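Listed here are the chains, written in short residue letters.
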Amino acid sequence: MIKFEEPIDIWGQISPEHGYTVHGAAGALPFKPLNRQALAMRIFLLVISLLTIYALLTIDYRSVDVAKAAADTLNNLKIIFLQPDTHRLSLRDAFYEVVITMGLAFLTTLFGGVIAFFLGLLGARNLAPKQVTNIVKGFVAFIRAVPTILWVLIFAVAAGLGSAAAVIGMTFHSVSYLTKAYAESFEELDRSVIEALSASGANWWQIVFQAVIPSAATSILSWTFLRYEINFANAVAMGAAAGAAGIGFDLFMAGGYYFDLREVGLITYIILAFAMALEAVATGLKGRIRQNPR
Amino acid sequence: MQADIFTRRRNGGLLFFTLLTVLTTGSIVITRYDVLKGFTSIFRAFAWGAANFYPDAGAMTKLPDILLKLKETVLMSVASTTVAAIFAMFLALAGSSTTGLCSLSGIITRGVASIFRNIPLVAWAMVLMLAFSQSELTGYLALFFGSLGFLTRAFIETIDEVSNKPVEALQATGASYFQVVFQAVLPAGMPQLSSWLLFMVDTNIRDATLVGLLTGTGIGFSFDLYYKSMNFHAASLVVILIVITVIVVEMISNYVRRVIM
Amino acid sequence: MALLELKNVTKYYAGPTPALAGVSFTVKEGEFVSVIGPSGAGKSTLLRCINRMIEVTGGEILFGDLAVSKLKRRDLRKLRTGIGMIFQHYNLVDRLTVIENVLHGRLGYKSTLAGVLGLYSREEKMQAFNIIKILGLGEQVYQRCDQLSGGQKQRVGIARALVQNPKMILCDEPIASLDPNASKIIMDYLKKIANGMGITLICNLHQVNVALAYSDRIIGINKGKVVYDGPPGKLTADLTSEIYGTESGELIVDWGERYAS
Ligand SMILES: Nc1ncnc2c1ncn2[C@@H]1O[C@H](COP(=O)(O)OP(=O)(O)OP(=O)(O)O)[C@@H](O)[C@H]1O
Ligand SMILES: [Mg+2]
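Residue numbers (this note's numbering), protein chains in the order written: chain A, 277 to 570; chain B, 3 to 263; chain C, 2 to 262.
Treat the hints as calculated values from the structure; they're not laboratory data. Source: prediction; values computed, not measured. C-beta atoms are modelled at their ideal positions from N, C-alpha and C, and glycine is treated no differently. Treat the hints loosely; a few may be bogus.
Stated by the list, open to error - Not everything, but these chain C residues come out facing chain A in the computed CB check (under 10 Å):
| hint | residue |
| --- | --- |
| 1 | R96 |
| 2 | L97 |
| 3 | T113 |
| 4 | Y143 |
| 5 | R145 |
To be verified - Here are the simulated lysine-lysine pairs, DSS-like style, with alpha carbons at most 27 Å apart:
| hint | chain 1 | residue 1 | chain 2 | residue 2 |
| --- | --- | --- | --- | --- |
| 6 | B | K39 | C | K134 |
| 7 | B | K167 | C | K168 |
| 8 | B | K230 | B | K73 |
| 9 | B | K167 | C | K192 |
| 10 | C | K185 | B | K167 |
| 11 | B | K167 | C | K79 |
| 12 | C | K192 | C | K126 |
| 13 | B | K167 | C | K73 |
| 14 | C | K193 | C | K134 |
| 15 | B | K230 | B | K64 |
| 16 | C | K8 | C | K126 |
| 17 | A | K562 | B | K64 |
| 18 | C | K29 | C | K126 |
| 19 | B | K167 | C | K235 |
| 20 | C | K79 | C | K126 |
| 21 | B | K167 | C | K134 |
Could you put together the complete structure from these sequences and hints?
Structure below.
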């Protein structure tokens with residue numbers, strides 16, 4: 277027979293007719309002492325709000341007529357989205373340029389994936405010693421801290437502006453992202469499986485190719501595609517900011533050089549169509565992988 | 003049919019690598035990527051970097067200027083993210099299936115979020131440049147629009163994931179819409195939402211460099227200035243300071259995440 | 002006196018088959034009614050139609066003298082404050098403390114603003130404390146709910162329902178996620194609530210023997226239709242297998258246990 281922790285005979289006393297009587301010290305207890313998490317949450321929200329307010333107050337509003345600029349921008353957006361048109365760039369050219377951008381993204385993802393594959397093996401806690409995984413993690417964090425555009429521009433000094441600098445520069449962040457993703461995918465294989473295989477005499481490479489890779493293949497492919505989606509967006513940005521080829525460069529020329537809003541509109545629509553298609557595939561793939569590496 | 007699995011595996015592998023080769027060759031041809039130059043340039047870049055890309059005494063005199071721009075950039079990233087997060091929160095409440103008004107509002111919000119997310123940051127920067135020219139506001143607004151779509155989508159997912167059960171319970175007690183939002187959705191989702199916000203601040207500091215480069219504002223402008231005038235010592239100082247900032251912000255984010263989760 | 006009356010209630014979701022097909026019954030004040038039936042029979046749907054978490058397609062539901070399906074938003078809130086609800090997965094805001102979760106039961110009585118800000122009166126807090134103490138959670142008042150065991154979480158759920166001062170409590174499989182030990186504690190509390198406090202209880206259950214042991218009356222539904230409505234004593238093995246649509250021998254019901262308590 278199971279015993280109750282509390283006597284049940286007080287039950288009659290809490291029925292609505294009897295009213296709710298106060299027992300002992302319960303009524304005197306203060307309501308809601310702040311726990312650590314709640315306190316930290318409040319401090320965080322306070323700090324970030326104060327920073328935001330300070331930032332918004334110290335913006336130099338005098339250099340532009342904000343109301344006019346906002347109205348102009350709205351008007352520009354209307355032209356962009358409602359009256360897209362081709363001028364310098366024919367529709368066929370534009371598609372060809374998107375294909376170039378996709379090619380840049382592909383090469384970047386491929387190089388990044390190959391390098392990240394080896395780094396991922398060294399970064400997986402179940403496959404490599406702790407010192408090695410720490411070194412890999414530090415290296416990857418450093419790469420990530422330098423913005424992609426700066427990697428590209430630094431390489432452009434040696435390789436000249438163009439697709440070579442863009443691909444190599446963008447590869448850095450892909451390596452960083454995919455190393456982390458791959459390492460986490462590899463780590464999903466239980467240590468006991470690795471133990472079982474090494475107990476049967478298999479060496480490290482055999483374990484990697486016979487157990488680790490087959491079990492992580494799906495999530496590796498999914499992560500790689502997710503990175504491809506990001507790289508497509510990056511390739512557009514690098515085309516604009518670092519003169520790499522592709523649709524991004526045309527966007528930059530149309531917007532920053534010819535001030536041709538209708539063509540900006542057309543290019544934006546084309547990029548949007550491709551990016552949203554990639555996003556749709558990526559969303560489908562996300563169900564197949566466990567967590568976001570960032 | 004016993005050996006089939008092995009032949010199938012092999013054929014699958016073969017197909018995969020053929021496809022990969024075709025796509026790679028196609029990409030190399032179409033992008034005019036010079037494979038040899040690409041690889042040799044890596045080594046040349048490192049050699050060049052070791053020889054030229056480090057801050058010297060002359061670069062240090064630029065330090066106060068750079069730090070000022072850096073502060074501007076960090077504040078810009080934080081403020082644009084926070085403001086975007088507030089807007090994203092309203093959109094996400096309308097778009098989530100647990101707190102949304104109707105299924106139509108969900109579809110519309112998700113669509114709008116997806117459009118905002120996929121319009122390239124460059125396009126925002128270009129368009130805003132036309133009217134706001136080289137003012138700080140250009141950077142703020144570009145980052146704001148860039149973050150809005152991403153945050154909305156992340157927030158919708160968080161709300162759906164975290165709060166549909168407690169929301170059901172509070173609705174059953176007769177709580178009103180805003181009571182449900184403030185007593186169930188926000189308390190349950192706050193840590194996850196904050197985590198997305200921190201992630202976005204981090205991303206925006208790096209993106210601010212790109213936007214700055216395009217629009218002539220903030221730290222991106224400093225880099226561009228030194229880079230174009232071939233003052234690589236000063237440019238390297240900018241890079242080092244950005245790296246330090248990003249890593250520090252990341253460490254703070256990780257710490258905050260650990261405490262509030 | 003009849004507290005609740007269902008007349009010919011039907012519910013269609015998207016498809017052509019009804020989830021509820023002409024369900025009618027009345028429930029007296031203070032009655033402990035168990036609803037049993039196979040998975041997908043429409044038990045959860047039935048419960049959620051009563052407090053209009055789901056809109057019915059046809060038929061009428063009367064709670065006291067209120068016609069549930071005709072209520073306006075504001076009156077619907079008032080109706081829901083009078084009906085507590087307990088869930089299989091507890092549906093608590095895990096990150097909040099026990100007392101905060103329990104006080105959520107008071108939201109329906111408050112103005113939106115007071116509820117949004119979480120301002121509760123001294124009486125409300127004391128009442129919450131008392132109920133928590135009586136349910137044996139005095140030690141855990143300020144503990145976060147994600148640190149509690151399943152049985153403790155369900156007691157928080159019960160406390161949240163009780164603090165509403167409800168006339169009736171709806172329980173959707175309150176013990177389906179609990180071990181036998183915790184299940185017995187929860188069921189005993191529910192029995193006390195029905196018998197000691199005169200609150201009407203409608204309880205979806207998966208365990209036939211639990212329903213037999215605790216309830217005053219059993220309603221068996223299958224494919225959205227009431228196939229049994231009567232006291233537990235008259236529920237024979239044959240009738241049970243009719244409810245579940247299986248051969249009687251296959252059901253895992255300990256018929257001896259019904260006389261044990
Ligand atoms: N939101 C919904 N949309 C469409 N169909 C639904 C929805 N909820 C339930 N149904 C369908 O209605 C029927 C009854 O479901 P209900 O959840 O009421 O069954 P149940 O008796 O509670 O089952 P269980 O014991 O598994 O909880 C099922 O066929 C189910 O598929
Ligand atoms: Mg159910």
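Evaluation of the provided hints:
For R96(C), the interface hint holds, the least distance from its beta-carbon to any beta-carbon of chain A being 7 Å, beneath 10 Å. At its closest, the beta carbon of L97(C) sits 9 Å from a beta carbon of chain A; the interface hint therefore holds under the 10 Å criterion. At about 20 Å, the closest approach between the beta carbon of T113(C) and any beta carbon in chain A exceeds 10 Å, and the interface hint on this residue is violated. With a least beta-carbon distance of about 6 Å to chain A, the hint placing Y143(C) at the interface is held under the 10 Å criterion.
Using the Cβ-Cβ criterion of 10 Å, the hint placing R145(C) at the interface with chain A is satisfied: the shortest such distance is roughly 7 Å. The straight-line distance between the Cα atoms of K39(B) and K134(C) is roughly 76 Å, outside the 27 Å bound, and the hint therefore fails. Straight-line distance between C-alpha atoms of K167(B) and K168(C) comes to about 23 Å, which keeps the hinted pair within the 27 Å bound. Note on K230(B) and K73(B): the hinted pairing holds, with a Cα-Cα distance of about 22 Å set against a maximum of 27 Å.
Between K167(B) and K192(C) the CA atoms are separated by roughly 25 Å; this keeps the pair inside 27 Å, and the hint holds. Among the hinted pairs, K185(C) with K167(B) is consistent with the structure: their alpha-carbon atoms are about 24 Å apart, no more than 27 Å. For the hint pairing K167(B) with K79(C), the CA-to-CA distance comes to about 21 Å; that is within 27 Å, so the pair holds. Between K192(C) and K126(C) the CA atoms are separated by roughly 25 Å; this keeps the pair inside 27 Å, and the hint holds.
A threshold of 27 Å between alpha carbons decides the hint, and for K167(B) with K73(C) the separation of about 24 Å falls inside it, so the pair holds. At most 27 Å may separate the alpha-carbon atoms for a hinted pair to count; K193(C) and K134(C) meet this at roughly 15 Å. With a C-alpha separation of about 16 Å, the suggested pair K230(B) and K64(B) falls inside the 27 Å cut-off, and the hint holds. Proposed proximity of K8(C) and K126(C) is contradicted: the alpha carbons are some 39 Å apart, above 27 Å.
A hinted pair counts as satisfied when its Cα atoms are at most 27 Å apart, and K562(A) with K64(B) does not qualify at roughly 46 Å. Restraint check for K29(C) and K126(C): the C-alpha separation of about 31 Å exceeds 27 Å, so the hint is violated. A C-alpha spacing of about 37 Å is found between K167(B) and K235(C), which places the hinted pair above 27 Å, so the restraint is violated. Between K79(C) and K126(C), the direct Cα distance comes to roughly 21 Å. Compliance with the 27 Å bound is thereby established for this hinted pair.
Restraint check for K167(B) and K134(C): the C-alpha separation of about 25 Å stays at or below 27 Å, so the hint holds.
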